[in-house]
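Peer 1: Those protein sequence lines, which keep their order, are chains A and B.
Residue numbers for the first sequence follow my numbering, so the first one is 960 and each next one is one higher.
Residue numbers for the second sequence follow my numbering, so the first one is 960 and each next one is one higher.
What the hints contain is simulated information worked out from the structure, not anything from laboratory work.
Don't take every hint at face value.
Cβ pair distances, simulated, as ranges [unchecked claim]:
hint, chain 1, residue 1, chain 2, residue 2, range
1, A, G1029, B, E1194, 35 to 45 angstroms
2, A, F1025, B, D1140, 47 to 57 angstroms
3, A, D1203, B, E1241, 28 to 38 angstroms
Every beta carbon over 10 angstroms from chain B, so not counted as near; a handful from chain A, in silico [stated by the list, open to error]:
hint, residue
4, E973
5, N1135
6, C1138
We put the beta carbon where it would ideally sit given N, CA and C, even for glycine.
Number of protein chains: 2
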Amino acid sequence: MDNVRTPYALQTREELLAVKEKHQAKLDKWGEMNLTLDLTRGKPSQAQLDLSSGMLNIIGDRGDCFSESGLDCRNYGILDGLPETKKLFGDLLGLPADSILVLGNSSLNVMYDTMVRAMLFGVSGGYEPWSRQGRIKFVCPSPGYDRHFTICRTMGIEMVPVKMNADGPDMDEVYNIACSDPSVKGIWCVPKFSNPEGITYSDEIVDKLAAMKPAAPDFRIFWDNAYAVHELYDEQTHLANIFDYAREYGTEDNIFYFASTSKITFPGSGLAIMAASEKNLEQIRPIIATQTIGYDKINQMRHVKFFKNTDGIREHMKKHAEILRPKFELVEDVFARKLDGYDIAHWSKPRGGYFISLYVENGCARRVYQLARSVGVTLTPAGSTYPYGRDPQDSNLRIAPTYPEMDELKLATDILCSCIKLATVEKLLKY
Amino acid sequence: MDNVRTPYALQTREELLAVKEKHQAKLDKWGEMNLTLDLTRGKPSQAQLDLSSGMLNIIGDRGDCFSESGLDCRNYGILDGLPETKKLFGDLLGLPADSILVLGNSSLNVMYDTMVRAMLFGVSGGYEPWSRQGRIKFVCPSPGYDRHFTICRTMGIEMVPVKMNADGPDMDEVYNIACSDPSVKGIWCVPKFSNPEGITYSDEIVDKLAAMKPAAPDFRIFWDNAYAVHELYDEQTHLANIFDYAREYGTEDNIFYFASTSKITFPGSGLAIMAASEKNLEQIRPIIATQTIGYDKINQMRHVKFFKNTDGIREHMKKHAEILRPKFELVEDVFARKLDGYDIAHWSKPRGGYFISLYVENGCARRVYQLARSVGVTLTPAGSTYPYGRDPQDSNLRIAPTYPEMDELKLATDILCSCIKLATVEKLLKY
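My request is simple: use the sequences and hints to build the entire structure.
Peer 2: Right, dumping it as structure tokens:
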């Protein structure tokens, strides 16, 4: 590693050409290796999935299938979750058990269904269905979660990006938009270890969101607490309970709260929940009762028996952290060793969650994505973290270090660093 | 048992008063027993659920979690079902595996979601969303499945009842409605062992449905094959493959096909599928990809490993039949012994499915329901089998004999017969 580095912007044309030649040669070499390395999605690794192996056969026969109340979990009955499952999530998230619905295997699906209900039936309070109110809008703190944006796009909801600061969405922007325009019906939030930034909303931001009086009386905060217990380090990252704040302001009805065990147990074979005020639940439950007779209670029972209580989940999450932490640190370390001093990139150092957010020079993100792809390293497409896939600076890339093994991750990150250098040099040489 | 019986309508007032007194006394006695007997819903019994106990821990560790293609079923990946699950259902139902989507735990939910998609996005072919076409209508063969009707009611879709004949819906009525009025967007069908009649559509009816050219170009047949392999007897009941007929007429796009394992393995913890034409699937898949990353593939794998193939399912269904058949025969036997000859009721003798459809004298069904309920026997509310809960004759009751144990079922049916007699006598004495 060089001791003193010169920012690329200050290097001579000859120096830059040398950098270009060096890293082009490296890419050529990697290109011959037929690599397929995937840094696209926040997938747990096999070692993480193995942590939940004990859950697979924890329900071994009919005797394991009866809930505390004597209900046979193998049969019809109970619409919105076993009481013991609601209690488990309630204890974990600091929410009253009776404010929780346990709904299926995917919080994305629960969020989509929640949007569908609002579109077709409106939200509680007797408001017009959103689909009958003409053009409506959602506030989208950006960069953010691409699948949230895809839901809006599919529904024809206009997305209004707002800036993410170090402590959460820029609340001046949020207020300006949400409090002036009644066609703005909601905001997407990943309040803890946000996707992709890893930012956790400060108490002040949570307070401002709870205090907000939107222009639309049927405005909803979609609070996707996807990484509620997903710390990478022993230190716990505090996120305020938004319902506690909302109660002070009488705005509990503004909040739809989501979480899941997709990255606690098994993605696709976990549990998803929604929490909401009693008034919201009164409106939602009969619609869900039309939609289904009930969700997979045997799987609910698996989770309850496997974890027993909140401590069980927290202990389990420490094991995830032990597997994940070295991967995050590896990427951050490679970035620091290869990129520090050149002034060509910066990146988040998250304390939890599933992503590292990487910023390269403006106008270079798409090119980095292409270069990496050309040698078999797949990144989430540049732009994905912004509404309509349009990163106005073409600068952000979302790195998902969780799935690959360490040696693959090291190689992919090395390659990525060369791609960053090459793309930056290409840009500079154009001027 | 009396050898010669006089129809109630021909009995004297004194005779009827004696009947009334006798059965009122019986009800009074039962009323003191604090009974809670439930004939409401098509729930499998515990003995039936025990048949699938081996499925609970058939996925014991990570080694069991890999699909034929090497995919780790514990992780994200695959939107619409493992290939082996599609093959299993395809073989069972005589459908191409690639026409099948394996979607979640509930076919009711799949049907609801299908209706939601049509409402918000329209059906394939670029048609307007149903929710933007003003008042729309669905054809509802009646009596039918109450939860189908609830979906329409919740969506604000007007239901147009048509008569059920012994071989399926009255196709003259169906054609009259569907082929003349472009606001008629679909029809609900339970084509085999229909709920509640136990009727299986004849080839001629299936042919007419497939041949139909509805006035609405975006018309869809919601084909809920809920009881595809649910025979009560060794003899197999033939249902034509509607896609085979539709292909002849070029109407495959008119069909949305649904099925599930709710009454094969575990209600709520089974698998639900949808099958459709390639053109329909092309429109549906991207919307589902917005809704979810995927469904519970571990549970798909449980089903595949447990059954292995179609023969496995058919053998399994014979065991269900052995448990169910005596229950159906018990009810039919009690009905025959207690009611034959009085000309006060008739009922279906289904060869499969989950229900017996009971017809009492016009204007008596609600009263029978009330009387039964007053002594602790709960029936599906009278009228439930008709759109808007309105049985024009107030005559039909749906009997679900599957869940209770034999002794309870015997008692409940005895009580029901007394309620029928009492209600009929009350009616006759009014004149």
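Peer 1: Confirm or reject each hint.
Peer 2: We went through each hint and held it up to the structure:
1. G1029/A <-> E1194/B: 35 to 45 angstroms: Since G1029/A and E1194/B have Cβ atoms about 38 angstroms apart, the given range 35 to 45 angstroms holds.
2. F1025/A <-> D1140/B: 47 to 57 angstroms: 51 angstroms Cβ-Cβ, so the 47 to 57 angstroms window holds.
3. D1203/A <-> E1241/B: 28 to 38 angstroms: At roughly 47 angstroms between Cβ atoms, E1241/B and D1203/A fall outside 28 to 38 angstroms, so the hint is violated.
4. E973: Consistent with the label, E973/A stays out of reach of chain B, its closest Cβ about 47 angstroms off (over 10 angstroms).
5. N1135: holds (29 angstroms)
6. C1138: Given that every Cβ of chain B is farther than 10 angstroms from that of C1138/A, nearest at about 28 angstroms, it holds.
Violated hint for the displayed structure: number 3, the only one.
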